[in-house]
Amino acid sequence: MTRRAERGLLSPERARTLYALADALLPPGPPDDPGGSPGGGGIDVAPLVEARLAHAERSRVWEIRLMLILLEWWPRLALRGRRGFSWLSRGERLRVLENFQHGAFRRCRRATSELRALVLGAANEALGSYSLPGA
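The working numbering puts the first residue of the sequence shown at -17, with every later residue one more than the last.
There's no promise every hint is true.
[To be verified] Label-pair distances were calculated between CB atoms; the ranges are:
no.	residue 1	residue 2	range
1	R34	P(-6)	17 to 25 Å
2	G73	S41	28 to 36 Å
3	H37	L61	36 to 44 Å
4	R58	R89	18 to 26 Å
5	G103	W44	30 to 38 Å
6	S95	S71	30 to 38 Å
7	R88	R58	17 to 25 Å
Keep in mind the hints are simulated off the structure, nothing from the lab.
All residues carry an ideal CB built from backbone N, CA and C; glycine is no exception.
Model the full structure from these sequences, guided by the hints.
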């Protein structure tokens, strides 16, 4: 068994970024709503996204991995702070994501849209009966 097979397609660091992305895209429902969604932060999206990527082309997997790395490091690279994407507030994470989705680089726009679709699809699969605002 290879190290990649033991760890899965996503490293723990990339999975953390994925969870932060899910939390930003799908905030929890109001606490007083008994039928409200638990939100993306309460879903184990990494295994679901890994399952979707398991049969994807190698270039697509690398593009998603690189996008997760870029998202995590962007706040530091843009000299806006010492902490990565995962430690930003929900609103700040959404702003970073939207900047990539509407940015000048076509590959970043495509990878961000694909990453967003993967997270929302995994959340929809996991939550099933809940109504997802971003899906």
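Outcome of the hint check:
1. R34 with P(-6): 17 to 25 Å: holds (19 Å)
2. G73 with S41: 28 to 36 Å: holds (32 Å)
3. H37 with L61: 36 to 44 Å: holds (39 Å)
4. R58 with R89: 18 to 26 Å: Given about 21 Å between the Cβ atoms, the range holds.
5. G103 with W44: 30 to 38 Å: violated (20 Å)
6. S95 with S71: 30 to 38 Å: violated (23 Å)
7. R88 with R58: 17 to 25 Å: holds (24 Å)
Violated hints, in rising order: 5 and 6; the structure is consistent with all others.
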